Amino acid sequence: MSEYFHSVRLDKSKCIGCTNCIKRCPTEAIRVRDGKAHILEERCIDCGECIRVCPEHAKYAITDTFEMLRKFKYRLAIPAPSLFGQFAGKLSDIEIIATLKMLGFDEVLEVALGADYVSMAYRKYFQRQDVLRPAISSACPALVRLIQVRFPTLIPHIIPIESPMEITAYLAKKEFAEKQNIALTEVGVFFISPCPAKVTAVRQPVASSTYVDGIISISEIYGLIIRNHSKLRHFPELLKTSRPRASSGGLRWARPGGESIGFSNNISHVQVQGIDHIIKVLEQVEMGKLRNVDFLELQACPGGCLGGPLTVENPFVARVYLNQMANDRTETAGITAEEFQGIEDSGALYFNADIKARQIMRLDEDIAKALEKVEKVENLTQSLPGLDCGACGSPTCRALAEDIVQGLANRTYCTIELRSDVRKLAERMLEFAQHLPPTMEKKTQEAKKDEDE
Amino acid sequence: MKMSFPIASDDFVQAGEASSKIKRILKQIGIPSGIIRRVSIAVYESEMNIVIHASDGEITLSVSADGIDIISSDQGPGIADLELAMQEGYSTASEEVRRQGFGAGMGLPNIKKSCDQLNIESELGKGTTLTMHFNLTESEV
Numbered sequence: 005m006s007e008y009f010h011s012v013r014l015d016k017s018k019c020i021g022c023t024n025c026i027k028r029c030p031t032e033a034i035r036v037r038d039g040k041a042h043i044l045e046e047r048c049i050d051c052g053e054c055i056r057v058c059p060e061h062a063k064y065a066i067t068d069t070f071e072m073l074r075k076f077k078y079r080l081a082i083p084a085p086s087l088f089g090q091f092a093g094k095l096s097d098i099e100i101i102a103t104l105k106m107l108g109f110d111e112v113l114e115v116a117l118g119a120d121y122v123s124m125a126y127r128k129y130f131q132r133q134d135v136l137r138p139a140i141s142s143a144c145p146a147l148v149r150l151i152q153v154r155f156p157t158l159i160p161h162i163i164p165i166e167s168p169m170e171i172t173a174y175l176a177k178k179e180f181a182e183k184q185n186i187a188l189t190e191v192g193v194f195f196i197s198p199c200p201a202k203v204t205a206v207r208q209p210v211a212s213s214t215y216v217d218g219i220i221s222i223s224e225i226y227g228l229i230i231r232n233h234s235k236l237r238h239f240p241e242l243l244k245t246s247r248p249r250a251s252s253g254g255l256r257w258a259r260p261g262g263e264s265i266g267f268s269n270n271i272s273h274v275q276v277q278g279i280d281h282i283i284k285v286l287e288q289v290e291m292g293k294l295r296n297v298d299f300l301e302l303q304a305c306p307g308g309c310l311g312g313p314l315t316v317e318n319p320f321v322a323r324v325y326l327n328q329m330a331n332d333r334t335e336t337a338g339i340t341a342e343e344f345q346g347i348e349d350s351g352a353l354y355f356n357a358d359i360k361a362r363q364i365m366r367l368d369e370d371i372a373k374a375l376e377k378v379e380k381v382e383n384l385t386q387s388l389p390g391l392d393c394g395a396c397g398s399p400t401c402r403a404l405a406e407d408i409v410q411g412l413a414n415r416t417y418c419t420i421e422l423r424s425d426v427r428k429l430a431e432r433m434l435e436f437a438q439h440l441p442p443t444m445e446k447k448t449q450e451a452k453k454d455e456d457e
Numbered sequence: 049m050k051m052s053f054p055i056a057s058d059d060f061v062q063a064g065e066a067s068s069k070i071k072r073i074l075k076q077i078g079i080p081s082g083i084i085r086r087v088s089i090a091v092y093e094s095e096m097n098i099v100i101h102a103s104d105g106e107i108t109l110s111v112s113a114d115g116i117d118i119i120s121s122d123q124g125p126g127i128a129d130l131e132l133a134m135q136e137g138y139s140t141a142s143e144e145v146r147r148q149g150f151g152a153g154m155g156l157p158n159i160k161k162s163c164d165q166l167n168i169e170s171e172l173g174k175g176t177t178l179t180m181h182f183n184l185t186e187s188e189v
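Top line first, the protein sequences correspond to chains H and V. The opening residue of the first sequence carries number 5 in the numbering used here; numbering runs sequentially from there. The opening residue of the second sequence carries number 49 in the numbering used here; numbering runs sequentially from there.
Hints should not be assumed to be uniformly reliable.
[What the hints assert, rightly or not] Mimicking DSBU-like on lysine-lysine, the simulated pairs with C-alpha atoms at most 30 Å apart in a straight line are:
#	chain 1	residue 1	chain 2	residue 2
1	V	Lys-161	H	Lys-293
2	V	Lys-161	H	Lys-284
3	H	Lys-377	V	Lys-69
4	V	Lys-50	H	Lys-373
5	H	Lys-360	V	Lys-69
6	V	Lys-160	H	Lys-284
[Unchecked claim] Coverage of chain H stretches by chain V, computed from C-beta distances (three or more under 8 Å per stretch; other residues unrestricted):
#	stretch
7	288-302
8	363-373
9	376-387
What the hints contain is simulated information worked out from the structure, not anything from laboratory work. Source: prediction; values computed, not measured. Cβ coordinates follow ideal geometry from the N, Cα and C atoms, glycine included.
Full structure from sequences and hints, please.
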């Protein structure tokens, strides 16, 4: 396996080499070369911004297919809370869960229940004395990767608690295996995901191993649910065994502010969605601001997980349906102190390794050489037109300067500079044309005279 | 390597830009995270001091094998009582500025905490120059 696994891929046959994606990428991970986009593996954080912006739909996220279910004797589905906002209020939570079972899952456990556990764990975390403020939520995998790549100084601020998906996968697997008295290896857990970064999080976790065996996108399963839910009338018993267990708060994790619902008033929290806004806030944290904020809830997608690139419904509409569904749930999930203790003791609740920085910005491993390169980049950037047009295939003039210094691009890639060179050449040509050598001048004058006559 | 960044008085919107740019450069050089964090805080606080108190100023970054040096110089009122100014919570910022949440009297103390060496030269009515040094020898990652 290569050093980095990525869910976000490019369909070369669809890419027309336009520069929409290179301008949107928050880690400057895309270049257009030879008329096609190229994703720089070490920089990509799988946020899916390029999937959202590509007019040709050439960017996509690889997930697992339904075929993979066959690899396991028993199959469990753990749907993200965002799935429940996709059906225009026409399907109840019970119907959605029952339909998943009808489609071939032996058991379904909402990730919202894992979110209830994580909310409890976050509350407990803030009782500790050594919390580095602002503490940053770790649930959004694109965000954790953004910090690894662009804000490594903030890694100690990330709360070392697993995501709701991981807790749910552990719970689902353990409960089912115990009930059926079977080995854990016979059970496959499938996350139904709004998010390409979650695929990466499972294939290549930043700080732990995973209990998730496969990932199916909401957009793939959406059609199957729509087409098949009406057959539920033949399986009335499924409806009886498909009661959701998560609380209203757990379900609301799918939307902005959801992660902060469980906090009492003495925990101050700031919620930010959308990578551009998040970058600005993290810049401020690096400067020592926001020390008075306890909790930063950051979600890379506008609209929270409901706005994930693999969802179907518009996130702002989906939020209304999700809220309506949540209003009918109880406020607490009824998790007992023993149950919470059990998860805590199992070790599944906490990261079991440190998150590592990914040094993508460094220009050279040797500091002295890096210093030289920084100066070259500065000088080159000053000399480039500064339009950040992207026509060279690099996202900004500065990025082009960096690429040139790293030997990955050439100055002639700049079309603006080329145009001005062409103009200078044309001026030179005109000048040449107007000033003939003295030996030629007389002959030309005579020829002109002849013509006039 | 040496680079300068002009800072405009009263420009609260742009305050922090020098800090961001310097941070980016240090990341490109491969300076350890912990040091970048401290430089970033010190530069930001210096920027804010210029924005709040002085008429205009400049921040200069130089990096060499000996370490990182930041010089923040301004044409401002100067510091009347340096000992007081170094105390946490002491501020001469205007009431208006403080109402905006700035001027909490933590600027110079935070700068002192962040850098390895700090030298302050100040002349009343002329301006203030802070010289901050950060060692590169520690192995913070």
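A quick look at each hint next to the structure:
Taking the CA atoms of Lys-161 (chain V) and Lys-293 (chain H), the gap is about 15 Å. The hint holds against a cut of 30 Å. For the suggested pair Lys-161 (chain V) and Lys-284 (chain H), the alpha carbons sit about 24 Å apart, so the restraint of at most 30 Å is met. For the hint pairing Lys-377 (chain H) with Lys-69 (chain V), the CA-to-CA distance comes to about 16 Å; that is within 30 Å, so the pair holds. At roughly 15 Å between alpha-carbon atoms, Lys-50 (chain V) and Lys-373 (chain H) fall within 30 Å of each other, so this suggested pair holds.
Proximity of Lys-360 (chain H) to Lys-69 (chain V) is assessed by CA-CA distance (about 24 Å); at most 30 Å being required, the pair is judged to hold. Simply put, Lys-160 (chain V) and Lys-284 (chain H) have alpha-carbon atoms about 26 Å apart, close enough for the 30 Å limit, and the pair holds. Residues of the stretch 288-302 of chain H with a Cβ under 8 Å from some Cβ of chain V number 5, which satisfies the need for three, so the listed coverage holds. Residues of the stretch 363-373 of chain H lying with their CB closer than 8 Å to a CB of chain V number 8, which satisfies the three-residue condition for coverage.
For the stretch 376-387 of chain H, the stated coverage by chain V holds: 5 residues have a C-beta nearer than 8 Å to a C-beta of that chain, and at least 3 were required.
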